[in-house]
Amino acid sequence: MSEKIKDYRGEALKSADFKEGRVPTEKCRPKAKFAWSAGIAIGRFLEELKKGKIIASTCSKCGRIMVPPRIYCENCFKPTDGWKYVKDTGTINTYSVSYLAADASRLKEPILVAIIDLDGASKNMGLIHKLGEVDKDEIKFGMKVKAVWKPKEERVGAITDIKYFKPIKEATP
Amino acid sequence: MSEVAIVGVGCVGFQPILPELSYKELMYEAAVKAYEDAGVDPRKDVDVFITCAEDYLEGFSIFDEFVPDQLGAVLRPLFTVSGDGLLGLANAYMLIKTGHFDTVVLEAHSKASDLLTLMDVIAFALDPVLNRPLGGHPYYVAGMEMNRYLHDTCATVEQCAQVVVKNRKNACGNPYAAYGANMTLDQVLCSDMYFYPLKKLEISTPADGCVVMVLASEKVAEKLTDKPVWVKGVGWCTETPNLETKDWSKSVDTRLAAEMAYKTAKIHNPRKEVDLAEVNDLFAYKELQHMEALKLCACGEAGKLTEEGVTARNGELPVNPSGGLLGMGYGLEASGMEKLLEVVLQLRSEAGRRQIRDAEIGLAHAWRGIPTTTGIVAVLSNNK
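Going down the list, the sequences are from chains A and B.
Each residue of the first sequence is one higher than the one before, starting from 1 at the first, in our numbering.
Each residue of the second sequence is one higher than the one before, starting from 1001 at the first, in our numbering.
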């Protein structure tokens, strides 16, 4: 605001002017609905989640065991050669603590998110998922974790068939 | 400056729905075909990748980011053109013309079946304050345009219906077409009135599919193939977003886009020089209106030529021998690529039973559909 101008002509708008319709506005909520075909690779992946298993696809050229699976190896640009189950255990690659929801409101309970490199898959291959049964201050890089699955009858073939990953307690000698 | 050639094409679809493949898998299969056709390894031989997609039609924000893996473009230069595939062609053409890039990959696809509320999304392109609150289906815009076009040109509803009969029949000979059919004029004329005077069967039906092409500079093209198809000129133009003020009779944007492309391609008499034209026919009357805008005939003459069979596959000026969007299906942002694919196949003499003898110069045209006023034109030739 310029210091020289002390008095502005007209009237400042208040939020009540919008609420009470004194300022014309047009509101519209888009109706956009999608149903993406999962396809060959992710379709199989979701079917296996329903059975409580995690499946990868393999490339015979570079030898990678890739999860989530795909029908092509993006590095070699060739079709994948087969399927291979990987374990539902893995290692924390990186993590964060999300204190906010998507609308920027503060969550009562923060969400613990992590990249989990799965055992049996190639390096830097795994899932992004939530962590549970762990305090945020206890999470560490390289921590071993294991999937906690929903009960069989509740699984629908979705990434949320895994509730979260929890730390594997080291056996005490 | 180097000439620019299309050296490889790959297509999957078009089919009413392709539920077995994800959009990534669909793109991968088309890409594999195009690279095989061109004889290139995308991991080594391609300088830039271009994909043509609109976020709202995909259901993803920043769709570019979901593209590299399935095209062999991981850790390589890539960008998205938010528009029709032919606009991507214009970008590929310019990149090669700079002399800095020799090989460019171009991709566009339609997974219309993934979009459950396609018409609501199209309606969302209408002006939110002035037009959308009036309600109704967005294709009433086409009804109004057809009405004014018929009024001004004296083209008849029978001539419009003839476009449908011709294109659906042409599609019977095209393995990439979703909606080939033998229909009678009466079937079209008696189909339900949807947006007066536009009838149900005069509206293209969406389809799923993907087209990938490899473009190359002269030096690379001549090493790769003995059948390069040269891009002789491209042009594009947008009129105005205001439905209140746009020209309702003529396609002004297509006219200017055509003039731009013809100038570069040194086409002086399109009617005589163009051997086949693949023209946007999202609605049947649009083929007629676009033919006139493209100077393939005089204003008001397109309907008569269609009636006389001049635009049939074996006519003097074949228009949409592929079957057009009416016969192949409306491929959203891949619509222009459907046209381009047919021109390439024709100019390579690989169009099978659709082949037009001695075709040397072909035209591909795209319009971005309701409610846009954007036209794109490409002129191609098998002679450098």
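It is possible that part of the hints are untrue.
Said to hold, decoys possible - In silico lysine-lysine, DSSO-like type, Cα no more than 27 Å apart, as pairs:
#1 K51(A) / K27(A)
#2 K33(A) / K61(A)
#3 K123(A) / K1044(B)
#4 K61(A) / K1033(B)
#5 K33(A) / K1200(B)
#6 K140(A) / K53(A)
#7 K78(A) / K1272(B)
#8 K78(A) / K1250(B)
#9 K50(A) / K150(A)
#10 K169(A) / K140(A)
#11 K1246(B) / K1263(B)
#12 K1097(B) / K1219(B)
#13 K1200(B) / K31(A)
#14 K1384(B) / K61(A)
#15 K163(A) / K51(A)
#16 K1304(B) / K78(A)
#17 K1246(B) / K27(A)
#18 K53(A) / K31(A)
#19 K87(A) / K144(A)
#20 K1200(B) / K1304(B)
#21 K53(A) / K78(A)
#22 K130(A) / K87(A)
#23 K1263(B) / K1169(B)
Honestly, the hints are just simulated from the structure, not real lab data.
Outcome of the hint check:
no., hint, in the structure
1, K51(A) / K27(A), "violated (45 Å)"
2, K33(A) / K61(A), "violated (39 Å)"
3, K123(A) / K1044(B), "holds (24 Å)"
4, K61(A) / K1033(B), "holds (20 Å)"
5, K33(A) / K1200(B), "holds (24 Å)"
6, K140(A) / K53(A), "holds (25 Å)"
7, K78(A) / K1272(B), "violated (46 Å)"
8, K78(A) / K1250(B), "violated (48 Å)"
9, K50(A) / K150(A), "holds (9 Å)"
10, K169(A) / K140(A), "holds (13 Å)"
11, K1246(B) / K1263(B), "holds (25 Å)"
12, K1097(B) / K1219(B), "holds (12 Å)"
13, K1200(B) / K31(A), "holds (24 Å)"
14, K1384(B) / K61(A), "violated (40 Å)"
15, K163(A) / K51(A), "holds (14 Å)"
16, K1304(B) / K78(A), "violated (51 Å)"
17, K1246(B) / K27(A), "holds (25 Å)"
18, K53(A) / K31(A), "violated (36 Å)"
19, K87(A) / K144(A), "holds (12 Å)"
20, K1200(B) / K1304(B), "holds (22 Å)"
21, K53(A) / K78(A), "holds (26 Å)"
22, K130(A) / K87(A), "holds (17 Å)"
23, K1263(B) / K1169(B), "violated (33 Å)"
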